[in-house]
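Peer 1: Here are the chains, one letter per residue:
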Amino acid sequence: MATVTTHPYFKVESVAGHTDVPHAEKERLIGQVFADPRMPSYLYGCYECGICVAACPSARFYDFSPRRIAQAAARHDVELLFQQLEEDVWECSQCFSCLRCPRGNNPGGIITIMREVAVTNGLRSAKVALEGYSRIIYKIMSTGTQVSPDMLQPDAFPDWGPEVKDVSENLSLWRRALPPETHHTTSTGWDVAESTILELYVIWMETGALDMIKEVDSGIHMILEEIMEERLEEEGIEL
Amino acid sequence: MPNGRVVVIGGGPAGIAAARTAAEFGVDVVIVERLAYLGGRPIEENYASLTPYLRSAEEAIGEMVSPLLAMSNVSVRYESKVISCTGEKGDFSIVIEHRGEQESLSAASIVVATGFSHFDPGRETQMYGYYEFDDVIALQDLEAMLKSGQVVRPSNGEAPKRVCFVQCVGSRDRQIGNEYCSKVCCGVASKEAIEVRLAVPGVEVFIFYIDMRMYGYWESQIYWPAQEKHHVQYVKGIITEVLPKDGRLLVRGEDTTMGRPMEVPMDLVVLSVGMEPSEGTRAMAGVLGIAQNKYGFIEAVNPPLDTVSTSRPGIFAVGSALGPADLEDCVSTGGFAGAKAASISLAGVGV
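Chains as they are written, first to last, in the working numbering: chain Y, 1 to 239; chain F, 240 to 590.
In short, the hints are calculated from the structure, not lab data. The model shown is predicted, which means the values in this text are computed figures rather than measured ones. No residue lacks a Cβ here, since even glycine has one placed at the ideal position from N, Cα and C. Treat the hints loosely; a few may be bogus.
[As the list claims (entries may be wrong)] 30 Å max Cα-Cα, derived DSSO-like pairs, lysine-lysine:
1. F/Lys400 with F/Lys468
2. Y/Lys139 with Y/Lys165
3. Y/Lys26 with F/Lys400
4. F/Lys468 with Y/Lys26
5. F/Lys475 with Y/Lys26
6. F/Lys468 with F/Lys422
7. F/Lys422 with F/Lys320
8. F/Lys386 with F/Lys422
9. F/Lys400 with F/Lys386
10. F/Lys533 with F/Lys422
11. F/Lys484 with Y/Lys26
12. Y/Lys139 with Y/Lys127
[To be verified] Chain Y is nowhere near these chain F residues, computed Cβ spacing over 10 Å in every case:
13. Leu289
14. Ile335
15. Leu437
16. Asp568
Turn these sequences into a full structure, and let the hints guide you.
Peer 2: Quick look at the structure:
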């Protein structure tokens, strides 16, 4: 693939948190990004005008630029894209403010694809980025709801004030005080129907969504796979 | 039949449009042409195709020339130059010279369509080595290559693997004195970039620019397809010098939007040269006594709403004799001046 220069300017090694890999491996990974069927509608040409950066909340706080993502992709700059795969893409908040691009580009969407490639290939950056999310992944994939009330323990959220302790001690009571009956739950965010859970398990397994996390968190993957297979077997559902 | 002839100086696209329009009013028209054929710069410099529709230049210009020459009230003095002009609007007396022989012509009005010449990159203050390196060429050189169907490195006849265009050569430069934008080079370079991508399998094409000026429809007609469909790489940053290295050319510049310096080896460097007033335009300004602007182009005296009247009543200027112009501008000003010129012959009064 074409690169603008054979000596691109990179983040210095002490800042760059990833280790280098052979160029062929970078070609392979970036090749997966470009092979994604969404890519043609996410990337046209880049004016390098910076409207996406102006709109980007992350760009205000990090050395991050959606323009550089689109530019590197438009130029097929494999070396730079690899660095972005290992660093920059995790600084995006996926808010898609960058969709205001006059050319119709979707830098946030390119980042979605790049993150997926990083996750499915178990890149170091994906492991680090998702480290704190293993409980969330477990909750979502096993129950279909994200943060459940019983996860909100006072020691985990000391900045939430003294009431959190009271609430967590009488959680079940507080939850029953909520008007919608579907919120009378503690181990899930809301009441999830059995049929919904089964449907979710089928989707996670059939689409490969479950296997996406195999490389980044093999422990969680193993547990979830077991839960899903067992539950589906009980219901006599074969995949 | 009205009296008073229209003399058109220069037989390029603007001159042809002026002559055709005046002749369609029934006025006698004489075209004075420096070369042995009509068509102007696109034909003289072997343009392959016209921007933005990529039509063959020979074919498209040919379609302008043939019907003009078929008109009984149009005649052409080939290989001729105007050497003097006296009189005033409605009653000019012109002397033309053809291979040492002189001829006098009366004219009610005159249209100056003497055009532009390509900026000579030897005058560039940067170090591009146009006269030093075989593989540094200009837009019109590449046009001629595209027309011949052979895009190769002049140094060795091999197909280039990597080609770049350097924009604004001789334009927008205070040091050179050409402070103006030449209007068409962004579009022409992008058009040629597409043609190079189509002509040479696997070639990488870069365009180094200050800012891309694709006014109006050229945006989606040329710029977007060049970038999106033909994967021409646009890099904002101008090359400062071209150096020979290992049989290739190293171009040095800054990739400004990426914030990094760059040195990239190229096989063919194309200089996007701008427009300057042609020798004929400069000469006619003197012979006809019409005002020029500081760059040497003919000055339109009532811009922006009258684009063709000069400082001398009865004399009009058209096309790129007035300054950088695309073909649409040339044909539009040509037709406008042709009508104004004809009206002087027809009415015998000023317009």
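Peer 1: Please flag the earlier hints that this structure goes against, numbers listed from lowest up.
Peer 2: Every hint satisfied by this model.
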